[in-house]
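Asker: For reference, the chains in residue letters:
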Amino acid sequence: MQRFTVPLLLIAALVCLAWLSQTGVINLYWQSVFMYMGINIILATSLNLVNGNMGEFSCGHAGFMAVGAYVSSLLTVMVLTDDKAMGFALLPPSWSLAFFPISLLLGGLAAAVVGMLVAIPSFKTRGDYLAIITIAASFIVKSTIENINAIGGARGFMGMSNVTKAMSQTIDLPWMLIWVFAGTVFTIWCLRRFLSSTYGKGINAICQDEIAAEIMSVNTNKMKLIAFMLSSGLAGIAGGLFAHAIGYVNPGSFTIMKSTEVLVMVYLGGMGSISGATIAAVVFTLLMEGLRFVFPALNSALHWAHLIPDSYQVSQVWKWVMIPLMLFLLMHIRPEGIMGNRELSNVFPRLKKFYSFK
Amino acid sequence: MIEGLIQNILNALQWGSFYSLIALGYCLVYGVLLLINFAHGDVFMVGAYIAFFISVFFLKNMGMPGWAVLALAVPLTMMLTAGVGVTLERLAYRPLRNKGVHRLYVVITALMCGLILEYGNLAILGASRKNFPTLLPTVVYEVGGVTFTNLKIAVIVIAILVFLFLEKIVSKTMIGMAMRALSYDRFAIPLMGIPQNTIIVFTFVLGSGFAGLAGFMFAMSYPVLDPFMGALVGWKAFIAAVVGGIGSIRGAFAGGFILGFVEIMVVAVFPSSFRDLIAFSILLIILSIKPTGLFGVARHQKI
Amino acid sequence: MALLEVKNLTQHFGGLCAVSEFNATIEPNELVGLIGPNGAGKTTIFNIVSGFYQPTRGEIVFNGRKTVGLKPHKVTGLGVARTFQNIRLWHDMSVLDNIRVAQHYHLGYSLLDCILRTARYERRTREIDALAYEILDALELRQYAEELPKNLPYGIRRRVEIARALSIKPALLLLDEPAAGLNTADLDGLISLIRWIYNEFKISIWMIEHQMQVVMSLCQRIQVIDFGTPIADGTPDQIQNNPLVIKAYLGDEEI
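Residue numbers (my numbering), protein chains in the order written: chain L, 1 to 358; chain F, 359 to 661; chain Z, 662 to 916.
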C-alpha cells in the first residue's frame, strides 16, 4: 500500500488542480503561476543534474530551452494549424491531444542533441572554461534563431494558442496545466530513478573525484554526455511547455538573464538535491510574482517619503538587478543553498517510509 | 583594391585595439588569481559612463575647452574606473577568497557582478542612450585613397604603448614577478613576506584603469553609450584573450588584433548580423582544440 | 605468458624526464615491489600503466593486449585495479556506494533499464550489492557499509580503498604506498591483509612502498628505480646488499 501513496497523492493533486481551474476557482492568473512553477521546477531540477550532482558549471540552460521551445512550437503550428507563415495544417485539430506530447518530446530530443554539442568540449575542459562554452553556446543558439527570418527572426512567432484551444475543444479541460503537471512529474521521476541507481551515482563520483572515477572504471566521457543530454533534453521539454503556455515564442525570452534565473534556483535549493531544487523553484516563482506588487508599492513609499526625485520611477527593471544580486548573496552567505546536498528524506527521515530512495 | 585592403586593415587595427586593451585586463587578473573576471567588460562600460559624466561636467558646467577636458578627464576616468575595479575586488572577490570557497562560487559571483552593473545602470539611468560630447575636432587624413582619422591612429598607438608598459611591468619589475608567483602558489606568497592583497589590488588597478581608458576612447570613437555596450565588447575581448592564451600578456594582446581582423573580414563577406555568431563559434572551436590558446602554456596536473 | 610487460617506457613532461627506459615484467600470481627515492618516477609509472598518462615512448602489454592509448576506465575493465598514494575515495558517498560505483564497467544495464527499473536492472543491482557486501565481509568492513569515508579513521579508509580495488576482480592490483600514514599497529594489520589477499585471490600485486619492513616481508621480488631508470632487480636479500641501491638511498660512502 505504501508503494502507491505517492502516485495516489499526485493523481489527487492533479485532479484537484484541474477541477478547481475548470470551475474557475483558480483563475487564469493563478493557473499561469502554477504553470510557471512547474516549468521552473523542470528547469531547476534538470540543471541541478549538471551543476549540482556533477559539480560542473553550465550557464546556458536558456539556450536548450529555446531549442525545445522553437522545435515543438514549429511542429505544432505547422502540423496542426493553418498559419499564414507556416502553411496549412497537416493533421486535423482533433489530433492535437495526441500530437502535442510528441512535439514536446521531439523538442526535448532536439535540445538533447544541442546538449551533446556542448558536452563534447566538456570532456577536456572544466570549471570556468565550461561556463564560457555554455554561455557561448547559448548565445549562438539565440543568435542563430535571430538570423533565421523564416521562423520570425528576432520577433519570433505566434500561433500556439490555436493548438491549446484545439485541445480544449476536443476534451474540455485546462490542458496546459495538465501537461505542465505531467511534465514536472515526469522530470522528477526520471531524475530520481537515474540518480538513485549505481549508474547515476557515477555522476556524483565524477563530481567528488573525477580522476578516481575514471581510473575506477567509470566512463567519464559517456557519463558527462548522458548528464548533459538528459539535462538539456528536459530543459527542451520545459521550453516547449513554456512556449505553449504563453502562446508565443521569441529569442528575447532566452537570454543570459533566463539562464541566471535557473542558476539562482539551483544554488538556492542546494547542489545535488532534487527536493531542494523543487522547493527553490517554487519559492523563486512566488518571489518573482510577488515583486510585481512590491515594486509599485515601494515606488509609492519612496516618493511619499521624498527619498527619490519625482521624475524617477522604480520600475520592474529592478527585478533584473535583484536576481543576480540574490545569487551574489547566496554565494557569499550560504553557497550550499537551502538543503545543502541533502534530500527532503534526510531532513525528515520518516518520509522514507512512504517512498524508498533506492 | 589595395586601398580597400589597407582601409580594412586599419579598421581592424583600431577595432582590435579596444579588444586588446580590455583583453589585457582579463589576462592580468587571470594571471594572478586564476579567475576569469567576467565583470571586466562591464567595468569597461562603467568607465565609458564615467568618462561621459566627467566630460559633460567639465565641458558644459565648467565651460572648459575640449583639449583641457581631455587632459583632465582621461586620468580622472582611469582613476575612478580603477576604483570601481578595486571596490569590486574588495566587495565581491576578497571575502570569498578569504573564506577559501570553491573557485566556482567566485566565478558565479563575477558573472553576477557583471549583470548587476548592467541592469543597475539600466534601472538607474534608464533606457535612453547617452551621447558622448565631441572633445576634439576630428581630423581626417587621406593618404593614397585610404582615409583615417587622428582618433583612429591615437587608439592604435595608445594600445601598443599600454601593451609595452604592461609587458615591462610584468616581466621586468619586482611586483610583476610577485604577480606571476601568486598564480603558481597563493599560499606560499605570504610566507615569503609578500603582501598578497596588495599585489591583487595592484593588478585590479592596472586592469580596470586601462579598461577605463578603453572606455573613454571607445566613447570618443563611437559616441553612443548604452548599458549593454560592455557586455558584448567584454565578451569579445574575453574571446580575444582566450584565443591568444589567457595567461599570457602577449597572447591577450595578439588575440585582440586577431579577433579584430577576423570580425572585419567576416563583415566584409557575410551579413553583419553573423559577426557575433562567428566570433563565438571561433571561441568554441579554439576551446575544443587548444584550450590554452595560441600562445598559452598548459599546466600539468599531478595525481 | 607474463601478465604485465612494460617495455622501454619513457615519459617526458616538458623538459623533465620522469621515466627513462623502464622495463618490467610481472608474472601471474606474483608479489613484486617497486622502490626508490622520492621523485624517482614510481607513481608516474603506475599512472601510465593505469592509462592516465600517455607515455612519450614505450609499450605496455597486459594479458596479451596492448594498453597504451586506452582510456583508464577500459584498462581497469581489463583487470588492472589500483589504490592511490593520497587516498582517493569519494568522501560524500557511503562506503557501499564507493564499491558499487567501481563496478561501472561491468554494470550490465542501460540508461533505459535504469529509468524503467526493468528486470535486468533489478537483477544486476542485486548481484552488484551481493558482490559489494561479499568484499566488505572479506575485509571485515561490513559495519562501515553506510558510513561516509570522511568520517572514518585513516586506517579504515585505506582498507576501504583496497576493498574498492579488489571489488573490480582484477588480475593485477597496483598498490601505491599503501602503508603511507599508518602507525605501527596498523602496519602489521596491513601486512597480514596484503598477504591474505595474495593467498586468497591468487592475483598479482605490484606495490610501491617506502616502508622497508612492508616491502621486505611481503615481496618476492623487488625492483629499484632512481631518476626514472631501473637500477636493480632481485630478491629482498639481493636488494638489501646491492651497493647501487645503497648509494641511491644514502649517497656515496664517505670515510
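Calculated from the structure, these hints are not laboratory results.
We put the beta carbon where it would ideally sit given N, CA and C, even for glycine.
Heads up, some of the hints might be wrong.
Unchecked claim - Below, simulated SDA-like cross-link-like pairs (lysine to any residue); rule was C-alpha separation at most 25 Å, straight line: (1) K124(L) to K488(F); (2) K735(Z) to E210(L); (3) K488(F) to I120(L); (4) K222(L) to E210(L); (5) K732(Z) to S311(L).
As the list claims (entries may be wrong) - FRET-style restraints, in silico, Cβ to Cβ: (6) L483(F) to R778(Z): 50 to 58 Å; (7) K124(L) to R778(Z): 52 to 60 Å; (8) G247(L) to Y794(Z): 18 to 26 Å; (9) E808(Z) to N147(L): 52 to 60 Å; (10) R787(Z) to F123(L): 54 to 62 Å; (11) N147(L) to P491(F): 57 to 65 Å; (12) G362(F) to F123(L): 14 to 22 Å; (13) V459(F) to D172(L): 51 to 59 Å; (14) N747(Z) to S161(L): 53 to 61 Å; (15) A12(L) to R784(Z): 47 to 55 Å; (16) P101(L) to R787(Z): 33 to 41 Å; (17) V15(L) to E808(Z): 15 to 23 Å; (18) H752(Z) to N147(L): 41 to 49 Å; (19) P7(L) to D798(Z): 31 to 39 Å.
Stated by the list, open to error - Partial pick of chain F residues on the chain L-facing surface, computed with a CB cut under 10 Å: (20) V459; (21) V464; (22) I466; (23) A481; (24) N508; (25) A626; (26) P629; (27) L642.
Asker: It remains to establish, for every hint, whether it holds in the given structure.
Answerer: Evaluated hints:
1. Of the pairs offered as hints, the one joining K124(L) and K488(F) is violated, with about 43 Å between alpha carbons and a cut-off of 25 Å exceeded.
2. Straight-line distance between C-alpha atoms of K735(Z) and E210(L) comes to about 15 Å, which keeps the hinted pair within the 25 Å bound.
3. About 43 Å separates the Cα atoms of K488(F) and I120(L), which puts this hinted pair outside 25 Å; it is violated.
4. With a C-alpha separation of about 13 Å, the suggested pair K222(L) and E210(L) falls inside the 25 Å cut-off, and the hint holds.
5. Of the supplied pair hints, the one linking K732(Z) and S311(L) is violated, its CA atoms being roughly 65 Å apart against a limit of 25 Å.
6. For the pair L483(F) and R778(Z), the beta carbons lie near 56 Å from each other, so the given range of 50 to 58 Å is met.
7. Under the hint 52 to 60 Å, the C-beta atoms of K124(L) and R778(Z), about 34 Å apart, miss the expected range.
8. Look at G247(L) against Y794(Z): about 56 Å separates their beta carbons, and that is not inside 18 to 26 Å.
9. The given range of 52 to 60 Å is respected by E808(Z) and N147(L), whose C-beta atoms sit roughly 56 Å from each other.
10. For R787(Z) paired with F123(L), a C-beta distance near 33 Å fails the hint of 54 to 62 Å.
11. Between N147(L) and P491(F) the beta carbon distance is about 35 Å. The supplied range of 57 to 65 Å is therefore violated.
12. For the pair G362(F) and F123(L), the beta carbons lie near 43 Å from each other, so the given range of 14 to 22 Å is not met.
13. Look at V459(F) against D172(L): about 53 Å separates their beta carbons, and that is inside 51 to 59 Å.
14. Checked against the hint of 53 to 61 Å, the C-beta distance between N747(Z) and S161(L) comes to roughly 60 Å, which is consistent with it.
15. Remark: the range hint 47 to 55 Å for A12(L) to R784(Z) is contradicted by a beta-carbon distance near 34 Å.
16. Separation of P101(L) from R787(Z) is about 34 Å and conforms to the stated range, judged on CB atoms against 33 to 41 Å.
17. A hinted range of 15 to 23 Å is violated for the C-beta pair V15(L) and E808(Z), which are about 44 Å apart.
18. The hinted range of 41 to 49 Å is satisfied by H752(Z) and N147(L), whose Cβ atoms lie roughly 48 Å apart.
19. The hinted range of 31 to 39 Å is satisfied by P7(L) and D798(Z), whose Cβ atoms lie roughly 37 Å apart.
20. With a least beta-carbon distance of about 6 Å to chain L, the hint placing V459(F) at the interface is held under the 10 Å criterion.
21. A distance limit of 10 Å between C-beta atoms decides the matter here; for V464(F) the minimum to chain L is near 8 Å, and the interface restraint holds.
22. With its C-beta approaching chain L no nearer than about 6 Å, I466(F) sits inside the 10 Å limit, and its interface hint holds.
23. Residue-level restraint check for A481(F) holds (minimum Cβ-Cβ distance to chain L is 4 Å; threshold 10 Å).
24. Below 10 Å, beta-carbon pairs count as interface contacts, and N508(F) has none with chain L, the closest being about 35 Å; its hint is therefore violated.
25. Below 10 Å, beta-carbon pairs count as interface contacts, and A626(F) has none with chain L, the closest being about 18 Å; its hint is therefore violated.
26. Hint on P629(F) holds. Least Cβ distance to chain L is approximately 8 Å, under the 10 Å limit.
27. With its C-beta approaching chain L no nearer than about 6 Å, L642(F) sits inside the 10 Å limit, and its interface hint holds.
In summary, the numbered hints that this structure violates are 1, 3, 5, 7, 8, 10, 11, 12, 15, 17, 24 and 25.
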